[in-house]
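S.K.: Listed below are the residues making up each chain.
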Amino acid sequence: MATVATKTRAILDGISEEQWTGYYNELVVYSGMKCRRLYWRNGTTENLPETHSPDSIVREAVTLLYAGDRMWNHQRYPESSPVPFLKSVIDSLVSGLVMGQEHQRSVYLVDQQKRSTIDGDKYDVEVRGSEDVPDLARPEPLNPEKAVYFAEVEKRIGEAIEDRPDLVRFFGFIQEGRSSSEIAELMQVGVEAVYQMRKLFDARTASIKAELLRR
Amino acid sequence: MNTKDNNLDALDRATAWLERTEDLTLDDLRSVRHQMGEDVETSERDFLKFIKEIKTVTAPAPFALLSRAKQLGLSKVNLADATELSVPLIMKLDRRMIQFSTIPELVVRKVGEVLAAPIELVRVYLQQQPAFATGANFRADEAPRLPEAQNFFDAVSEDLTISEARKKSLLALKP
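Chains A and B, in that order, give the protein sequences.
Going left to right, the first sequence walks through residues 1 to 215 as our numbering numbers them.
Going left to right, the second sequence walks through residues 216 to 390 as our numbering numbers them.
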């Protein structure tokens, strides 16, 4: 296994149990939602090997980070929290699983790096790219029944927030994949206001979310 | 969900926001997990234990089977005995000369237990690229090439050092 970069190790060593608890819950929800969306799209989880679950995918991502098998690119992920980087690792793990290539490790090559064999010899290896990985595989378009259902869900979300133009805009931006800071900039408000919008959005759409989670 | 993709279908438009977790508080996240039917408290405890183990195991040096065994005061023979394998099998596993997909889960678990290492770490290690043997010395014009990784059960079958009883019980794990 490769040596973990000093900066990465320092950050990891400085993470408290309390912080890990928050990160873990965020990553499991993220991984769980990704798997659920896969299920909704494909109608089957058969492409996800039985030994995998949202929790196991998170653990694998964390293991790859600690083992130095996935290098945290601090320029691309400058945050002091490993969560954004780990989400990208989760994306690549789920993509690999969905594509039916269990434990596919290298989606894109981003760099070359010297590594050592167990006896100290140096050799070049791929630094596994965990960025820019494709989203969930889309083998075919949604079937008409699902397309109708999800269009209906989107419509209901729209109806739940239609009296609040700010929430309508907020929802549009999150559908585009905008970050909170981007939304704040686009809406010319502070990031805290964006968090408040998210809270309100969640409260307004709670029953829809619950329905989706039961599916 | 970091792409500003305008070509989203109905499912994406209706559900991609569910992956947006960065705005949620810990209470929100726990609540979502409860809704997902998960045992939040137990899994949090298990995860923190896992983090503690992985930190301990990877702190002194990058994880490898034999170096970890050495840290624990185990020789190759001790490790082979404790894992109910053989020294040649241990050496091959250490160099990732066995195809990971053919290694029984029970064997991976046992190695993790003996090395007091999270099973996830052992799995990641065993799936890495094969490595040359310690002390291997090459003098040739062409770069040396490693042989293909072997099927676990082939490696057991051809192992002349392993006891018949141990061989039999390992081969019995063949699916």
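Read the hints as simulated data drawn from the structure, not as lab findings.
Please note that a few of the clues may not be correct.
[Claimed, not checked] Stretches of chain A that chain B covers, calculated by requiring three or more beta carbons in the stretch to come under 8 Å of a beta carbon on chain B:
| # | stretch |
| --- | --- |
| 1 | 3-15 |
| 2 | 63-77 |
| 3 | 163-172 |
| 4 | 206-214 |
[As the list claims (entries may be wrong)] Here are the computed lysine-lysine pairs in the DSSO-like style, where the Cα-Cα straight-line distance is at most 30 Å:
| # | chain 1 | residue 1 | chain 2 | residue 2 |
| --- | --- | --- | --- | --- |
| 5 | B | 267 | B | 285 |
| 6 | B | 382 | A | 7 |
| 7 | A | 7 | B | 285 |
| 8 | B | 264 | A | 7 |
| 9 | B | 307 | B | 291 |
| 10 | B | 325 | B | 285 |
| 11 | B | 270 | B | 307 |
| 12 | B | 270 | A | 7 |
| 13 | B | 267 | B | 325 |
| 14 | A | 155 | A | 199 |
| 15 | B | 382 | B | 264 |
Just so it is clear, CB atoms sit at the ideal spot from N, CA and C, and this is done for glycine as well.
S.K.: Which numbered hints turn out to be false for this structure?
M.R.: As far as the earlier hints go, 3, 6, 15 are violated by this structure, in ascending order.
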